[in-house]
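Asker: Sequence:
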Amino acid sequence: MADIVDIAVSAGSFQTLVTAVQLAGLVETLKSPGPFTVFAPTDDAFEKLPEGTVQTLAQNIPQLARILTYHVVPGKLKASDLAQLNKLTSVEGSEIPIDTSEGFEVKNATVIAPDIEADNGVIHVIDTVLLMG
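Oh and the sequence shown: position 2 is 2 in the working numbering, straight run, nothing missing.
No wet-lab data here; the hints were simulated from the structure. Please read all numbers here as calculations on a predicted model, not as lab measurements. You may find that some hints are simply not true.
As the list claims (entries may be wrong) - DSSO-like, lysine-lysine: derived pairs with alpha carbons at most 30 Å apart:
{"#": "1", "residue 1": "Lys48", "residue 2": "Lys31"}
{"#": "2", "residue 1": "Lys76", "residue 2": "Lys31"}
{"#": "3", "residue 1": "Lys76", "residue 2": "Lys87"}
{"#": "4", "residue 1": "Lys78", "residue 2": "Lys48"}
{"#": "5", "residue 1": "Lys31", "residue 2": "Lys78"}
{"#": "6", "residue 1": "Lys87", "residue 2": "Lys48"}
{"#": "7", "residue 1": "Lys48", "residue 2": "Lys76"}
{"#": "8", "residue 1": "Lys31", "residue 2": "Lys87"}
As the list claims (entries may be wrong) - If you anchor each label on the Cβ, the simulated ranges turn out as follows:
{"#": "9", "residue 1": "Asp99", "residue 2": "Lys31", "range": "15 to 21 Å"}
{"#": "10", "residue 1": "Asp119", "residue 2": "Ser80", "range": "18 to 24 Å"}
{"#": "11", "residue 1": "Asn60", "residue 2": "Gly103", "range": "15 to 21 Å"}
{"#": "12", "residue 1": "Gln63", "residue 2": "Gln84", "range": "29 to 35 Å"}
{"#": "13", "residue 1": "Pro62", "residue 2": "Asn108", "range": "18 to 24 Å"}
{"#": "14", "residue 1": "Asp115", "residue 2": "Thr89", "range": "19 to 25 Å"}
{"#": "15", "residue 1": "Asn86", "residue 2": "Asp44", "range": "24 to 30 Å"}
{"#": "16", "residue 1": "Gln15", "residue 2": "Glu117", "range": "20 to 26 Å"}
{"#": "17", "residue 1": "Asp81", "residue 2": "Gln55", "range": "31 to 37 Å"}
{"#": "18", "residue 1": "Asn108", "residue 2": "Ser13", "range": "16 to 22 Å"}
{"#": "19", "residue 1": "Pro114", "residue 2": "Gln59", "range": "30 to 36 Å"}
{"#": "20", "residue 1": "Lys76", "residue 2": "Thr110", "range": "32 to 38 Å"}
{"#": "21", "residue 1": "Asp81", "residue 2": "Asp127", "range": "18 to 24 Å"}
Quick reminder that beta carbons are idealized off the backbone N, C-alpha and C, glycines included.
Based on the provided sequences and hints, a complete structural model is requested.
Answerer: Quick look at the structure:
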């Protein structure tokens with residue numbers, strides 16, 4: 001099996017996320033033993049952001065790192081684990097609301113592919129970038 005970063009790179013639909021993780025200097029963290037639960041926005045999710053947002057974040061590395069770490073939770077939490085919870089605390093420190101009453105949503109995003117296993121955790125693919133606040 002591969003780690004979280006290798007899976008994201010090989011999937012091909014996370015180019016923006018992978019670039020952002022590299023820019024923010026988080027590659028080594030996400031390759032470490034973890035375990036981590038990552039809510040991974042697709043390239044399409046990044047395209048939904050207002051025009052210029054990704055470029056602005058690329059120039060503001062601390063803000064980029066905060067947004068990326070808001071998508072990461074310590075521990076390996078599968079969909080069945082998350083269904084028991086109504087919120088999580090991200091690595092960034094803010095809460096992420098969870099709603100599994102109709103489908104599987106985290107904050108304002110729908111999980112479109114849950115439980116992708118990695119050596120150092122689990123990935124849940126989401127259709128929207130999570131923003132704090």
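Asker: Each hint: holds or not?
Answerer: We went through each hint and held it up to the structure:
1. Distance check on the hinted pair: lysine 48 and lysine 31 sit about 27 Å apart at the alpha-carbon level, within 30 Å; holds.
2. Proposed proximity of lysine 76 and lysine 31 is supported: the alpha carbons are some 14 Å apart, at most 30 Å.
3. Only pairs whose Cα atoms come within 30 Å are accepted, and lysine 76 paired with lysine 87 is accepted, the gap being roughly 15 Å.
4. This hinted pair checks out: lysine 78 and lysine 48 have alpha carbons roughly 26 Å apart, not beyond 30 Å.
5. The suggested pairing of lysine 31 with lysine 78 holds, with an alpha-carbon distance near 19 Å, which does not exceed 30 Å.
6. This hinted pair checks out: lysine 87 and lysine 48 have alpha carbons roughly 24 Å apart, not beyond 30 Å.
7. Between lysine 48 and lysine 76 the CA atoms are separated by roughly 28 Å; this keeps the pair inside 30 Å, and the hint holds.
8. Taken as a hint, the lysine 31 and lysine 87 pair is honoured in the structure, with Cα atoms around 25 Å apart against an allowance of 30 Å.
9. Under the hint 15 to 21 Å, the C-beta atoms of aspartate 99 and lysine 31, about 31 Å apart, miss the expected range.
10. Distance hint check for aspartate 119 and serine 80: the Cβ-Cβ separation is about 20 Å, which falls inside the suggested range of 18 to 24 Å.
11. Our hint of 15 to 21 Å for asparagine 60 and glycine 103 is violated, since their Cβ atoms are close to 33 Å apart.
12. Between glutamine 63 and glutamine 84 the CB atoms are about 32 Å apart, so this pair conforms to the stated range of 29 to 35 Å.
13. At about 23 Å, the CB distance of proline 62 to asparagine 108 agrees with the hint of 18 to 24 Å.
14. Restraint check, aspartate 115 to threonine 89: a C-beta distance of roughly 21 Å satisfies the suggested window 19 to 25 Å.
15. Between asparagine 86 and aspartate 44 the Cβ separation comes to about 27 Å, which falls inside the hinted range of 24 to 30 Å.
16. About 22 Å separates the C-beta atoms of glutamine 15 and glutamate 117, a value consistent with the hinted range of 20 to 26 Å.
17. Evaluation of the 31 to 37 Å hint for aspartate 81 and glutamine 55 yields a pass: the beta carbon distance comes to about 36 Å.
18. A hinted range of 16 to 22 Å for the beta carbons of asparagine 108 and serine 13 is consistent with their spacing of about 20 Å.
19. Range check, proline 114 to glutamine 59: about 33 Å between beta-carbon atoms, so the 30 to 36 Å window is met.
20. For lysine 76 and threonine 110, the hinted distance range of 32 to 38 Å is not satisfied, since their beta carbons lie about 21 Å from each other.
21. For aspartate 81 paired with aspartate 127, a C-beta distance near 21 Å keeps the hint of 18 to 24 Å intact.
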